[in-house]
Amino acid sequence: MTMINYAKKEIICKVVYYGPGLCGKTTNLKFIYDNIMGQYKGKMIALATESERTLFFDFLPLDFGKIKNFNAKFQLYTVPGQAYYTNSRKLILKGADGVVFVADSQTDRFEENKESLKDLAVNLREQGLDIRKIPLVLQWNKRDLPNIVPIQTLEETLNFRKVPTFEAVAAKGIGVFETLKTIVKMVFVSLGGQG
Amino acid sequence: MFKGNKVLQPEDLDKINDIIEKLKVQTKALVILVVDDTGQLIANTESDPSIDPILLGTLTAGNFGATNELAKLIGEADFTLVLHEGNKENIHMLAIGECGILVVIFNNTTPIGLIRMYSQKTTKELLPILEKMQQEKEKKKTDLPSDEDLNNLFNW
Ligand SMILES: Nc1nc2c(ncn2[C@@H]2O[C@H](COP(=O)(O)OP(=O)(O)OP(=O)(O)O)[C@@H](O)[C@H]2O)c(=O)[nH]1
Ligand SMILES: [Mg+2]
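Keeping their order, the protein sequence lines are chains A and B. So the first sequence is numbered by the numbering used here: it starts at 7 and just counts up by one. So the second sequence is numbered by the numbering used here: it starts at -14 and just counts up by one.
Keep in mind the hints are simulated off the structure, nothing from the lab. Be careful, since some hints might not be right.
Below, simulated DSS-like cross-link-like pairs (lysine-lysine); rule was C-alpha separation at most 27 Å, straight line [stated by the list, open to error]:
hint	chain 1	residue 1	chain 2	residue 2
1	A	15	B	0
2	A	96	B	117
3	A	96	A	36
4	B	57	A	14
5	A	14	A	120
6	A	72	B	57
7	B	7	A	124
8	B	73	A	15
9	A	14	B	7
Away from chain B, derived, C-beta distances all over 12 Å, residues of chain A [said to hold, decoys possible]:
hint	residue
10	15
11	18
12	48
13	74
14	94
15	133
16	154
17	155
18	156
19	167
20	168
The following residues of chain B were derived to be distant from chain A, with all beta-carbon distances above 12 Å [unchecked claim]:
hint	residue
21	-3
22	53
23	64
24	113
Backbone N, C-alpha and C define an ideal beta-carbon position, used for all residues, glycine too.
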């Protein structure tokens, strides 16, 4: 649910990074925070445990400045990936305008990716959103590791909608901005009415 | 056409600002915010720059949402009020129907009963305006960025 503020001439959109535990969601946001131009970013917060696992959410507000007559603002959230935090994930999806699903490419994480995608569908539905319609990008993360699932298999099992996908090594920033740019564009296009 | 979006018109923001400025005078609150149910800041009174209203909005909405999950767990339908008491400063959050949250930050010179009373009155005034925001229809689609605008934007 985008907020269009005619008084302040602002459009505010919410994008949620989703995916199984340890797949690299927080790493994506941190890389964006560390590398995006200073004028674009606000303060990042990470509600995490001592061991840096996300406990509730990470939040990074981005301000792209003036596009046409409006100030375009994007608020990026990550969910906690660990299975038992499903209630928190549901809360964070509230009002989402777009989702980035980060998959962990490692062979032994294959099932977790599938489960997390199902969990996303269910939680979106509970917020009145439809996984078949919401702007969605998939990221195949951790492509640098040795035991990984071939891209083709990931595409066949997870990309049921044939949405844009990106190979990534979020820890090194590879694929991170491509993913962000694509979801931002898709959200803008959906604002135009087709979505 | 925008579907399911919230549209805030200038005259509505003026009304919201007037209402919370009035509440600020009545309660001598330090800061007052109106946040929507997804954590987006709708309006806030001026405050000292060390307080970031956007972050405050996100955190209060998260806090409020988590508390409501707690409510469900113990069989309550909803907690409409959440209060955090500090040594000097306190946060009072009250649901504005199902549309948002009124957040009042105040210090110990103001009795909590006063905050509670005026907050309740204020949420009743705010509710119809927030409800209207969700029904507002978008007209000026041409104001949206074009592909070219986006490509320029992403010349990082
Ligand atoms: N080798 C490798 N490690 C990565 C990559 N991306 C992230 N990691 C590491 O994976 C671990 C988990 O990353 P996080 O970003 O915290 O994972 P998360 O998805 O936020 O996890 P939760 O908060 O528990 O849901 C960290 O140690 C990262 O450094 C990658 O592309 N390659
Ligand atoms: Mg995390």
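Which of the listed hints are not met by the structure?
4, 5, 6, 7, 8, 10, 11, 12, 13, 14, 15, 21, 22
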